[in-house]
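Chemist: Taken in order, these protein sequences are the chains called A, B, C and D. According to the working numbering, the first sequence holds residues 1 to 304 in order. According to the working numbering, the second sequence holds residues 1001 to 1304 in order. According to the working numbering, the third sequence holds residues 2001 to 2304 in order. According to the working numbering, the fourth sequence holds residues 3001 to 3304 in order.
Honestly, the hints are just simulated from the structure, not real lab data. It is possible that part of the hints are untrue.
DSSO-like mimics (lysine-lysine), calculated; alpha carbons at most 30 Å apart, straight line [said to hold, decoys possible]:
id: 1; chain 1: D; residue 1: K3197; chain 2: B; residue 2: K1275
id: 2; chain 1: A; residue 1: K275; chain 2: A; residue 2: K302
id: 3; chain 1: D; residue 1: K3116; chain 2: D; residue 2: K3197
id: 4; chain 1: C; residue 1: K2302; chain 2: A; residue 2: K275
id: 5; chain 1: D; residue 1: K3238; chain 2: C; residue 2: K2197
id: 6; chain 1: C; residue 1: K2275; chain 2: C; residue 2: K2302
id: 7; chain 1: C; residue 1: K2275; chain 2: A; residue 2: K238
id: 8; chain 1: A; residue 1: K238; chain 2: B; residue 2: K1205
id: 9; chain 1: D; residue 1: K3302; chain 2: D; residue 2: K3275
id: 10; chain 1: C; residue 1: K2010; chain 2: C; residue 2: K2116
id: 11; chain 1: D; residue 1: K3275; chain 2: B; residue 2: K1197
id: 12; chain 1: D; residue 1: K3275; chain 2: B; residue 2: K1238
id: 13; chain 1: C; residue 1: K2302; chain 2: C; residue 2: K2197
id: 14; chain 1: B; residue 1: K1275; chain 2: D; residue 2: K3238
id: 15; chain 1: D; residue 1: K3238; chain 2: D; residue 2: K3197
id: 16; chain 1: B; residue 1: K1197; chain 2: A; residue 2: K238
Pairwise CB distance ranges (calculated) [said to hold, decoys possible]:
id: 17; chain 1: C; residue 1: A2086; chain 2: B; residue 2: A1108; range: 23 to 29 Å
id: 18; chain 1: C; residue 1: E2149; chain 2: B; residue 2: R1297; range: 55 to 61 Å
id: 19; chain 1: B; residue 1: R1297; chain 2: C; residue 2: A2018; range: 35 to 41 Å
id: 20; chain 1: D; residue 1: R3044; chain 2: C; residue 2: G2231; range: 52 to 58 Å
id: 21; chain 1: B; residue 1: G1200; chain 2: C; residue 2: G2295; range: 36 to 42 Å
id: 22; chain 1: A; residue 1: P299; chain 2: D; residue 2: L3241; range: 50 to 56 Å
id: 23; chain 1: B; residue 1: R1029; chain 2: A; residue 2: E204; range: 53 to 59 Å
id: 24; chain 1: B; residue 1: E1146; chain 2: C; residue 2: T2039; range: 43 to 49 Å
id: 25; chain 1: A; residue 1: A86; chain 2: D; residue 2: P3008; range: 51 to 57 Å
id: 26; chain 1: A; residue 1: K10; chain 2: D; residue 2: L3241; range: 53 to 59 Å
Only a predicted model underlies this, so the values are computations on that prediction, with no experimental measurement involved. For glycine and all other residues, C-beta sits at the position ideal for the given N, C-alpha and C.
Number of protein chains: 4
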Amino acid sequence: MMPGEVFPMKIAFLGLGAMGYPMAANLSRNHEVTVWNRTPEVARRHAGEHGTTFADSLDQCATADVVISIVPTSAEVAELARIVTAAGLRSGVLWMDMTSGDPQTSRATAAGLEEKGIRFVDAPVTGGTPGAEAGTLTIMIGGSAEDFERAREICASMGTRIVHVGAIGAGHAVKAVNNAMLAANLWAAAEGLLSLKALGLDLEKALEVINSGSGRSNASENLLPSRIIGGEWPLTFKLALLDKDVRIAASMAHSQHLATPLIGLTSTLFTAALKELGAGADYMEVAKFVTSLNGERWPGEKSS
Amino acid sequence: MMPGEVFPMKIAFLGLGAMGYPMAANLSRNHEVTVWNRTPEVARRHAGEHGTTFADSLDQCATADVVISIVPTSAEVAELARIVTAAGLRSGVLWMDMTSGDPQTSRATAAGLEEKGIRFVDAPVTGGTPGAEAGTLTIMIGGSAEDFERAREICASMGTRIVHVGAIGAGHAVKAVNNAMLAANLWAAAEGLLSLKALGLDLEKALEVINSGSGRSNASENLLPSRIIGGEWPLTFKLALLDKDVRIAASMAHSQHLATPLIGLTSTLFTAALKELGAGADYMEVAKFVTSLNGERWPGEKSS
Amino acid sequence: MMPGEVFPMKIAFLGLGAMGYPMAANLSRNHEVTVWNRTPEVARRHAGEHGTTFADSLDQCATADVVISIVPTSAEVAELARIVTAAGLRSGVLWMDMTSGDPQTSRATAAGLEEKGIRFVDAPVTGGTPGAEAGTLTIMIGGSAEDFERAREICASMGTRIVHVGAIGAGHAVKAVNNAMLAANLWAAAEGLLSLKALGLDLEKALEVINSGSGRSNASENLLPSRIIGGEWPLTFKLALLDKDVRIAASMAHSQHLATPLIGLTSTLFTAALKELGAGADYMEVAKFVTSLNGERWPGEKSS
Amino acid sequence: MMPGEVFPMKIAFLGLGAMGYPMAANLSRNHEVTVWNRTPEVARRHAGEHGTTFADSLDQCATADVVISIVPTSAEVAELARIVTAAGLRSGVLWMDMTSGDPQTSRATAAGLEEKGIRFVDAPVTGGTPGAEAGTLTIMIGGSAEDFERAREICASMGTRIVHVGAIGAGHAVKAVNNAMLAANLWAAAEGLLSLKALGLDLEKALEVINSGSGRSNASENLLPSRIIGGEWPLTFKLALLDKDVRIAASMAHSQHLATPLIGLTSTLFTAALKELGAGADYMEVAKFVTSLNGERWPGEKSS
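Model the full assembly from the supplied sequences, consistent with the hints where possible.
Modeler: This is how it looks when you write it as structure tokens:
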């Protein structure tokens, strides 16, 4: 907390998606929260349910002490920052961007805000909607040490593990790499299991062994079994969003002139899967793409 | 246990490597174990330390009720099977091959043994030397239901999770896929972390976040931190052996005419790493190959 | 020609596919040719059209001085060799296998024939059906120097460039590598042109430049333009056969423990394309798979 | 030629590298050419040898009717454009950028020039230093139809095939794709030939066959034989520059969200090769990287 900052703070919260909605609700227990959403109905409903203040225009967000954004991509954050600063956002305000964004665009947005004396941290999260609802997210923060301290106070209402990972953009970088690792682990597991399935093995038994063995990952332990065996394919996180994150990770390596063949190929494969499965698909459905490429089907895959 | 089988059984144990040595010791608590090793001194030492019977020739193994083999590759198992059956191994014996082998060679070996009335299961393990010593291995078994029951009795002295995964070769198939998943997870993590390191991030913090997040795997949680940050690179499992397993997984997909691009590329990368690092390298040193390809170095990597 | 061999020779020709049919016709101008085909009608027609002798059974081929096989895969060659030798093929006979086969199977077949005193060369061809009809094929031969000399005499009726590339299997190896290079060149060109098409460029102009430039290949000069621009997609060579050859090339590298990432990935991509396009597709239709994976279409691609 | 333009034109030529030097010489036969080079000695020598006018400052280039730039990357073109326009370059001037640049940066540079009324075409070349010296380059031009006509007149002094491939950036796009195809064709050929070499085949014979066959490419016909067999590895084109072009092609696909796995992997492999071989290496030396990754060596590779 900066000297002179007092609780509760005035926070403008931009973006009430599957994650933002419960995060803003948790935040409103400790702070005065004004909510804005591209589709205003959602913000109006949030105000009704959680006692937040409904903003039908971004102009109403310009009086906040802290602005939080959590939207699909960094391009939209840049646009929001342009509009809210034009509406008079004050010097000294902290802009916390919780989007899964890209480091490069964030650094440009931060530089633009800096000219108005507005501070920026990127603060993407992991933990899914359950973590967002329970207030137990992990939040990875990029920015100065001082801004991190301010952000930490606010994040305490939303998460339990709040980590300062580096300078501006570092939060986005870690999030992108985390998601690229998820993507690679998931795809590799699907390929391996497909190979066992094609040999006629019992996948449940195989997964039991692998998940007590060295090949296990979050993907093999917590994500794949209920889908490929159990046949449950809920929409939990859009493939289009994971594809975006893997592309950010691939771009980070490319722009640093690093040779990262496995993340590169993973990104290509996710792009092909996205085009086949469509923008509305859940990210776990890439496992269906791995089988369909091979004319196969998981036990837990309905005939289409 | 087959009708008429009595404990303790006469077991010939072939191969006293880092895994086989403690496994045979555990087995000898419940059974009469004769040990053979390519380098006889090791078998002689085992007999001295654990009260097993030293065999200086494979001929002495032909009177066993059960033969266990755990050697580098399936080619050596085939050779051992040829020699021991020529020495008079009786019909009804169970041959348990605990090597990390390949399904195709195992099926051929099993067919040869079958002609003499000898039963075969493949029963590779996971859990490392700590699991071998503690008798807490996971053992994945391929073979008939009946042979699995016999094998389970014996495995109870060596492991705690004993799973029947399918027909002959299925154990090897699951082991190969487990190790290919380990290889892919490990390599993808190394690429992602390299990318963060090159951006100047604190890898310890990044790993803390990832390991509480969705991108985590056994590789990122239990294997990478002590090496790339801690600077400890012990020899725990030869890269040459992991490379062999990944190649088996790639071959399984290839021979089934499956398109598995990520496992295919992982296998290629491990082969390149093996040629650069040498046959004596530990498998985790592939993380050093990922950096050296990019002219980088981990915090926990000494200058050479 | 061996001492004592006289022209015309008695040749059994096994396999009258798109290539074999005209090759046998050319051969029959200089030799006494007996033709056999899995579907006998084709052989009967060949006899009628070209004055060859129709064999309705492989037994009738056992009296030949030279056997030529040109069938889909080496597995079928092995089977043919087994049958014809069982029917009494004499010691000293030369078996010329003109199949696009795999070196490993060929070496095994040759070893089996060798036990009967039958000589073997692998002699796959390149030049397509136009070259087969005109008798201007390139023929790459693996075998001993002496056997090559015998084969060269016979090949002179079918091709104009007859090259001794190495020991048994070498012909198949070169053919597989040639086709893998074709596959990679073709796929890379399709990806590059897709990228230009998506930017809105005129592909005809782009190809004009590339084909006068350093990126040109047989694929970009002679194969792609009439398809992706001209819209002609004739069936000239089955994708299933090219996929087989690329797989042989990938296997050759794998079994030699070589890291060949680009050929490895090309093989994976062809396998995926084959599963999508079906066994009856022409090999050039992989260019359509490159676009369809990306929701695009070539100018010369009809809407389906 | 624009109405009112008269020959000879006043041309400022920026960048006298291996290509630019002879191109400017050819141009000076028909035009008044002022030459500038980052290292002024080269420009002074050019003036002495070819009767061009030496500019020791970019300010002296601001009076030209046409500016030609041919420098390592588009970033340097942007910087040159900024300086020369600041020095007073007039409205109506044509800026022809013959750099192997990237479309995105070129479009931004063109937009900046457009504000001053200066026209821009990208006009990269292919044909190497022999083509540059002989005036027989192929020149691929991106820009408006009108600007293309102006550029064509000038290009006639340097090349024989001058093609309008699309709007601004299209020339760079085609050049990048051409070079990515070269890179892929080259690498695939090296992998295939390595595989044959490891089998003990005669590479000269193998190349003879492939180059009369369907797998041939400019790389296999004109580039590889003299190196891998002949042992001549001259510096003709820096690997760093080819790597840059392949990276541009990969970026073009990435920014268009296209799945192009083969070009993606080729780019990764070239980056790894560049880091191993160093910035001064010739592009053909990637063939040595393919062997060294595998502990092999070409016949035409000296022991190091």
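Chemist: Next, verify each hint and record whether it holds.
Modeler: Hints, verified against the model:
Of the supplied pair hints, the one linking K3197 of chain D and K1275 of chain B holds, its CA atoms being roughly 17 Å apart against a limit of 30 Å. Proposed proximity of K275 of chain A and K302 of chain A is supported: the alpha carbons are some 21 Å apart, at most 30 Å. For the hint linking K3116 of chain D to K3197 of chain D, the alpha-carbon distance of about 59 Å lies beyond 30 Å, and the restraint is violated. A threshold of 30 Å between alpha carbons decides the hint, and for K2302 of chain C with K275 of chain A the separation of about 20 Å falls inside it, so the pair holds.
Restraint check: the Cα-Cα separation between K3238 of chain D and K2197 of chain C comes to about 28 Å, which is no more than 30 Å; the hinted pair holds. A hinted pair counts as satisfied when its Cα atoms are at most 30 Å apart, and K2275 of chain C with K2302 of chain C qualifies at roughly 21 Å. Under the criterion of a C-alpha separation no larger than 30 Å, the hint pairing K2275 of chain C with K238 of chain A is consistent with the structure, at around 27 Å. Of the supplied pair hints, the one linking K238 of chain A and K1205 of chain B holds, its CA atoms being roughly 27 Å apart against a limit of 30 Å.
Distance check on the hinted pair: K3302 of chain D and K3275 of chain D sit about 21 Å apart at the alpha-carbon level, within 30 Å; holds. Annotation: proposed proximity of K2010 of chain C to K2116 of chain C holds, straight-line Cα distance about 19 Å (limit 30 Å). Note on K3275 of chain D and K1197 of chain B: the hinted pairing holds, with a Cα-Cα distance of about 17 Å set against a maximum of 30 Å. Using a Cα cut-off of 30 Å, the hinted pair K3275 of chain D and K1238 of chain B holds, with the two alpha carbons roughly 27 Å apart.
With a C-alpha separation of about 16 Å, the suggested pair K2302 of chain C and K2197 of chain C falls inside the 30 Å cut-off, and the hint holds. For a cut-off of 30 Å, the pair hint linking K1275 of chain B to K3238 of chain D stands: about 27 Å separates their Cα positions. Between K3238 of chain D and K3197 of chain D the CA atoms are separated by roughly 26 Å; this keeps the pair inside 30 Å, and the hint holds. This hinted pair checks out: K1197 of chain B and K238 of chain A have alpha carbons roughly 28 Å apart, not beyond 30 Å.
Range check, A2086 of chain C to A1108 of chain B: Cβ separation about 24 Å, and the 23 to 29 Å hint holds. As the Cβ distance of E2149 of chain C to R1297 of chain B is approximately 58 Å, the hint placing it in 55 to 61 Å holds. Taken as a hint, the range 35 to 41 Å is violated for the pair R1297 of chain B and A2018 of chain C, whose Cβ atoms sit roughly 57 Å apart. Look at R3044 of chain D against G2231 of chain C: about 56 Å separates their beta carbons, and that is inside 52 to 58 Å.
In this structure, G1200 of chain B and G2295 of chain C meet the distance hint of 36 to 42 Å, their C-beta atoms being roughly 38 Å apart. The hinted range of 50 to 56 Å is satisfied by P299 of chain A and L3241 of chain D, whose Cβ atoms lie roughly 52 Å apart. Separation of R1029 of chain B from E204 of chain A is about 32 Å and departs from the stated range, judged on CB atoms against 53 to 59 Å. Take E1146 of chain B and T2039 of chain C: their Cβ atoms lie about 46 Å apart, and the range 43 to 49 Å holds.
Remark: the range hint 51 to 57 Å for A86 of chain A to P3008 of chain D is upheld by a beta-carbon distance near 53 Å. For the pair K10 of chain A and L3241 of chain D, the supplied restraint of 53 to 59 Å holds, since their beta-carbon distance comes to about 55 Å.
Hint compliance for this structure: hints 3, 19, 23 are not met, and every other hint is.
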